[in-house]
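Residue numbers (the numbering used here), protein chains in the order written: chain A, 1 to 111; chain B, 112 to 225.
Hints were generated in silico from the structure; no laboratory data involved.
The reader is advised that the hints may include incorrect statements.
Derived BS3-like pairs (lysine-lysine); straight-line CA-CA distance at most 30 Å [as the list claims (entries may be wrong)]:
#1 Lys36(A) <-> Lys51(A)
#2 Lys141(B) <-> Lys36(A)
#3 Lys124(B) <-> Lys51(A)
#4 Lys163(B) <-> Lys124(B)
#5 Lys108(A) <-> Lys36(A)
#6 Lys124(B) <-> Lys70(A)
#7 Lys51(A) <-> Lys70(A)
#8 Lys36(A) <-> Lys70(A)
#9 Lys163(B) <-> Lys141(B)
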Amino acid sequence: GQQLNQSPQSMFIQEGEDVSMNCTSSSIFNTWLWYKQDPGEGPVLLIALYKAGELTSNGRLTAQFGITRKDSFLNISASIPSDVGIYFCAGQSSGTYKYIFGTGTRLKVLA
Amino acid sequence: DAGVTQSPTHLIKTRGQHVTLRCSPISGHKSVSWYQQVLGQGPQFIFQYYEKEERGRGNFPDRFSARQFPNYSSELNVNALLLGDSALYLCASSRQGQSSYEQYFGPGTRLTVT
Numbered sequence: 001g002q003q004l005n006q007s008p009q010s011m012f013i014q015e016g017e018d019v020s021m022n023c024t025s026s027s028i029f030n031t032w033l034w035y036k037q038d039p040g041e042g043p044v045l046l047i048a049l050y051k052a053g054e055l056t057s058n059g060r061l062t063a064q065f066g067i068t069r070k071d072s073f074l075n076i077s078a079s080i081p082s083d084v085g086i087y088f089c090a091g092q093s094s095g096t097y098k099y100i101f102g103t104g105t106r107l108k109v110l111a
Numbered sequence: 112d113a114g115v116t117q118s119p120t121h122l123i124k125t126r127g128q129h130v131t132l133r134c135s136p137i138s139g140h141k142s143v144s145w146y147q148q149v150l151g152q153g154p155q156f157i158f159q160y161y162e163k164e165e166r167g168r169g170n171f172p173d174r175f176s177a178r179q180f181p182n183y184s185s186e187l188n189v190n191a192l193l194l195g196d197s198a199l200y201l202c203a204s205s206r207q208g209q210s211s212y213e214q215y216f217g218p219g220t221r222l223t224v225t
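For reference, chain A alone in the conformation it holds in the complex (with noise of 0.2 Å):
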């Protein structure tokens, strides 16, 4: 099936280091989501985004919606060894109710 290319595919990070990942799609979308699975969990939204441009932030967590509307940004500052997961982007185009979700980020805090 359909998936979007994220990238990194897996990091190590430091305690406390700040993390940038990213989400691209060859297709336009209106709309995108970030989630974080945990193992034999289901996945939970961090943030949504809507608009070209837009910056939200939850907590720790900052993402942007690219202006070309064929990326996304996920940003962690200060990370905590609780960041440890898988992270999901899901992206909806324009007249469609599916979302496409990317293959995923694997993020591991060392301590």
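We have chain A already, so just place chain B on it with the hints.
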């Protein structure tokens, strides 16, 4: 308020059998979507239902079907199970079945086909 609930949590079936998975959305949410997540991949869209009507269908065979009930809960049915149907099945609810909506996931049902 309770989040999205799904049952059962885990299920083991044999090839060729049929399975029914159930989902209850967040109170006040009228739309339910179903996703299949194979190990190591992102969720893949199967269906969306809003007010008991199918609003969208992903690229899945006709063995997959779903319905939504008047209380907005939903069932996903899969017939003639194949080994490749083994996956985590996720249900997501949203307030309305329209474009640009936030959707919230349940814990999933882990289906193993042997």
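Each hint tested on the structure:
Using a Cα cut-off of 30 Å, the hinted pair Lys36(A) and Lys51(A) holds, with the two alpha carbons roughly 21 Å apart. Straight-line distance between C-alpha atoms of Lys141(B) and Lys36(A) comes to about 24 Å, which keeps the hinted pair within the 30 Å bound. Distance restraint check for Lys124(B) and Lys51(A): the Cα-Cα separation of roughly 44 Å exceeds the 30 Å cut-off, and the hinted pair is therefore not satisfied. Pair hint Lys163(B) plus Lys124(B) holds up; C-alpha atoms about 28 Å apart against a cutoff of 30 Å.
For the hint pairing Lys108(A) with Lys36(A), the CA-to-CA distance comes to about 13 Å; that is within 30 Å, so the pair holds. Only pairs whose Cα atoms come within 30 Å are accepted, and Lys124(B) paired with Lys70(A) is rejected, the gap being roughly 40 Å. Distance restraint check for Lys51(A) and Lys70(A): the Cα-Cα separation of roughly 12 Å lies within the 30 Å cut-off, and the hinted pair is therefore satisfied. Pair hint Lys36(A) plus Lys70(A) holds up; C-alpha atoms about 21 Å apart against a cutoff of 30 Å.
Taking the CA atoms of Lys163(B) and Lys141(B), the gap is near 9 Å; set against the 30 Å cutoff, the hint holds.
Hint violations for this structure: numbers 3, 6, all remaining hints satisfied.
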